[in-house]
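If you read the protein sequences in the order shown, they are chains A and B.
Using this note's numbering, read the first sequence as starting at 1 and increasing by one per residue.
Using this note's numbering, read the second sequence as starting at 1 and increasing by one per residue.
Some clues are possibly wrong.
Not everything, but these chain A residues come out facing chain B in the computed CB check (under 7 Å) [claimed, not checked]:
| # | residue |
| --- | --- |
| 1 | N41 |
| 2 | E58 |
| 3 | A63 |
| 4 | P65 |
| 5 | L80 |
| 6 | I97 |
| 7 | L150 |
| 8 | D153 |
| 9 | G185 |
| 10 | L187 |
| 11 | V401 |
| 12 | W403 |
| 13 | A414 |
| 14 | I417 |
| 15 | K422 |
If you are wondering where the hints come from, they were derived from the structure by calculation, not from laboratory data.
Just so it is clear, the structure is predicted and the values come from calculations on it, not from any experiment.
Note that beta-carbon positions come from the ideal geometry of N, C-alpha and C, so glycine has one too.
Protein chains: 2
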Amino acid sequence: MNIKRISNPRIVIIGGGFAGVSLAKVLSKQDVQVVLLDKHNYHNFQPLLYQVSTGGLEPDSIAYPIRKILQNYSNFQFRLANVLEIDPKNNKVITDIGLLKYDYLVIASGSETNYFGNTSIETNSMSMKTIPQALNLRSLILENFEEALLTSDLQERNALMNFVIVGAGPTGVELAGALAEIKKGILPKDYPDLDTRLAQINLVQSGNRILKEMSEEASKKAEAFLEKLGVNVWKNTRVSNYDGKVVTTNTDVVFETATMIWAAGVKGANIKGIEGADLVSRSNRIIVNEFNQLKTYSNIFAIGDVAQIETEATPYGYPMMAQPAIQQGKQLGHNLKRLLEGLPLEPFKYKDKGAMATVGRNKAVVDLPKYKFQGVFAWFVWMFVHLFFLIGFRNRMIVFVNWVYNYIRFDREARLIIRPFKKKLKSDE
Amino acid sequence: MNIKRISNPRIVIIGGGFAGVSLAKVLSKQDVQVVLLDKHNYHNFQPLLYQVSTGGLEPDSIAYPIRKILQNYSNFQFRLANVLEIDPKNNKVITDIGLLKYDYLVIASGSETNYFGNTSIETNSMSMKTIPQALNLRSLILENFEEALLTSDLQERNALMNFVIVGAGPTGVELAGALAEIKKGILPKDYPDLDTRLAQINLVQSGNRILKEMSEEASKKAEAFLEKLGVNVWKNTRVSNYDGKVVTTNTDVVFETATMIWAAGVKGANIKGIEGADLVSRSNRIIVNEFNQLKTYSNIFAIGDVAQIETEATPYGYPMMAQPAIQQGKQLGHNLKRLLEGLPLEPFKYKDKGAMATVGRNKAVVDLPKYKFQGVFAWFVWMFVHLFFLIGFRNRMIVFVNWVYNYIRFDREARLIIRPFKKKLKSDE
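Isolated chain A, as found in the complex:
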């Protein structure tokens, strides 16, 4: 597609996630002016959110100040802003801090939880896509145990100690494993008066295997790991509703629970103004070509979770994960450089580096392009890779110290209700 070459252009990037940050790195030394917008002042390492929820890590150790990333990029500006709308005809972005003009726009706004239109599930379930959400879940889990101690109603106590996780992708599997370890390692010590056998962890999956993006081998092994940890895995079970008390499914399986965690779907975090032929309505993702360029507007690009690169080989785009986002950010950076140099753009080529998930202590599954393995070694690989992709030396150190400590002591000391979720205190209590 034709695209105008502009010298020293103003590029606006929406979103400082994996895609936006990886693009920023490439553009840092180019003859372009960049404005990076994000509604948070930090980059968030989503793959470790479940450890924040389960008291294994501090939120601050998986977040990194965006301004710190950009400190040495003299051609960058960061603005803490919520983007309200894009006005592509006039090359403008409308935000809660005002209007911004752009020459090229890059949408890297990521993804959000997809409730598939079920407002009852949306209202009553917990999600884990952001740090505040992860902290809310941490508070709720701990508040549930505290409440379970107080009630003499056995049914209520059961519901408080019953956890239902919907969706057995990496997030659901990792969370289920961590909760099972809390049940085994923390509950008996912290709550000697509670019958910990009541604590049930249920992982519910509509398909016929867990971790369906991974190999059959990984799925099987992960399921065996979960069962060894005492997690109830429900396959071929589709959750139909949750009213805050009862989870109903398409089978006769029913759960009475105070806590349903919805990890069963994501959708693009598209922004108002991009619509029609540019959008997949089902998944809310922006359709782009192999240069991450929109159909309708040649100076607008989308990368990462929000972008769906539609080619014959990838009719539904690439998986909404960190790797495609990082690679697309990098590739778009190179293409914008080429554009400025008057060279033709090069199509995005995804390099599948594999996938992995951890189930718990000494238990992980890893699918590399050439090797598949599971168990202790996989677990070390999982930890090494996650430490490596964390941004910042301090964060790596802190996460490492926590992991070593948690491993040696079978402990999770960040089991802190800093801001209660259920019981409302004043904002500063």
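Once you have looked at the hints, place chain B on chain A.
Quick look at chain B alone, frame taken from chain A:
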């Protein structure tokens, strides 16, 4: 005063701060049943709150799960509860989770910010007594800088970058020093577009010297340190009001500021039901004898900040600080043991271990009973003592790693707005 000796008594402790926890340790192996109540599920190391506010530390590293402290105390129960009222005539505590009977009651509810009845200051100023408050202040400081970038109104920008700290006790002094270091080390790198000279840190003190609980030598040196860091120290200046925009004082000094931090007073966090002759109305502290026992009720004790041990030598009680709280908790523990053994109680004797405050990198003042010193060595002593008093090996490790990192890199990477204070997002965004 007479007190009934009860075998295997039920002791209720209100508060898991320094006093409550130090008492708990002594009672852990006694023939008593203890219920510890706190509205938080963690013990909070208040002396380091200012580092949470200024992005130097994670909140989770200065908090410690109370249940973890009590794990090995088989005679203890913890309940997460807000105490609403004490009914001393019927030996009952009324909480938001129900009624509790006690044989002996220990009030260790600590202290809260004292606004001396000025509701305008209470509404508009920030405080730093709890972790959520410290996090609110962290968010506000960072939001101010983000906003300052956006406004073209110079007066508004000045107000956003002007910080007024009222009260030059250790909290005020340490916060002022940390803000000055942010101005010097972080602002120019993170906000190259802002004229950092606009950032003013004002420390306002009604008396004629700062750190008035410490030696003259410490006061002088701390003031010199602050001035070197560029903090404006205003002595003999009493703040009279703050409407959210302008701080007025008893002199002609006036500050236009978006951020006033009130560290000028604390009062006892007394609980409804303890009143009259048992209470100092001015400071809201509970009057106790040298056995930490109330005048009116011989089976109720108060320890720590909320307790005022009235003797001839201490007409206003001991300072509201960690050391008297820890020592009173310990002493009351021994006295309760003696009581159960039929021995007479022993009066509390305060062992003054000195006081210290840090102003910033390589700068602290220490008053020990026999030595007074300031500077680099004092700074190392300050760090060592604070690490030592932190509860938990993990917390000490994490704080230590952060300190080493921050020292070497002149950095504070927890400058994260996890939950905005000004701009209201949804609770989970």
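The hints, checked one at a time:
The interface hint given for N41 (chain A) holds, since its Cβ lies 5 Å from the closest Cβ of chain B, which is under the 7 Å cut-off. Residue-level restraint check for E58 (chain A) holds (minimum Cβ-Cβ distance to chain B is 4 Å; threshold 7 Å). Evaluation of the A63 (chain A) hint against chain B yields a held restraint, the C-beta minimum of about 5 Å falling below 7 Å. For P65 (chain A), the suggested interface contact is upheld, since its CB lies about 5 Å from the closest CB of chain B, less than 7 Å.
Among the interface hints, the one on L80 (chain A) holds; its C-beta lies about 4 Å from the nearest C-beta in chain B, closer than the 7 Å criterion. At a threshold of 7 Å, the smallest CB-CB gap from I97 (chain A) to chain B is about 6 Å, leaving the interface hint in force. Taking 7 Å as the C-beta cut-off, the interface hint given for L150 (chain A) holds, the closest approach to chain B being about 6 Å. A least Cβ separation of about 14 Å between D153 (chain A) and chain B goes past the 7 Å threshold, and the interface hint is therefore violated.
Among the interface hints, the one on G185 (chain A) is violated; its C-beta lies about 12 Å from the nearest C-beta in chain B, farther than the 7 Å criterion. With a cut of 7 Å, the hint placing L187 (chain A) at the interface with chain B is violated, because the nearest CB-to-CB distance is about 10 Å. Hint on V401 (chain A) holds. Least Cβ distance to chain B is approximately 5 Å, under the 7 Å limit. For the restraint placing W403 (chain A) at the interface with chain B, the shortest Cβ-Cβ distance is roughly 11 Å, beyond the 7 Å limit, so the hint is violated.
The criterion of a C-beta within 7 Å of any C-beta in chain B is met by A414 (chain A), whose closest approach is roughly 4 Å, and the hint holds. Annotation: I417 (chain A) was flagged as interfacial toward chain B, and the flag holds, the nearest CB pair being 5 Å apart, inside 7 Å. For K422 (chain A), the interface hint is violated, since its Cβ never comes within 7 Å of a Cβ in chain B; the closest pair sits about 11 Å apart.
Violated hints for the displayed structure, listed by number in ascending order: 8, 9, 10, 12 and 15.
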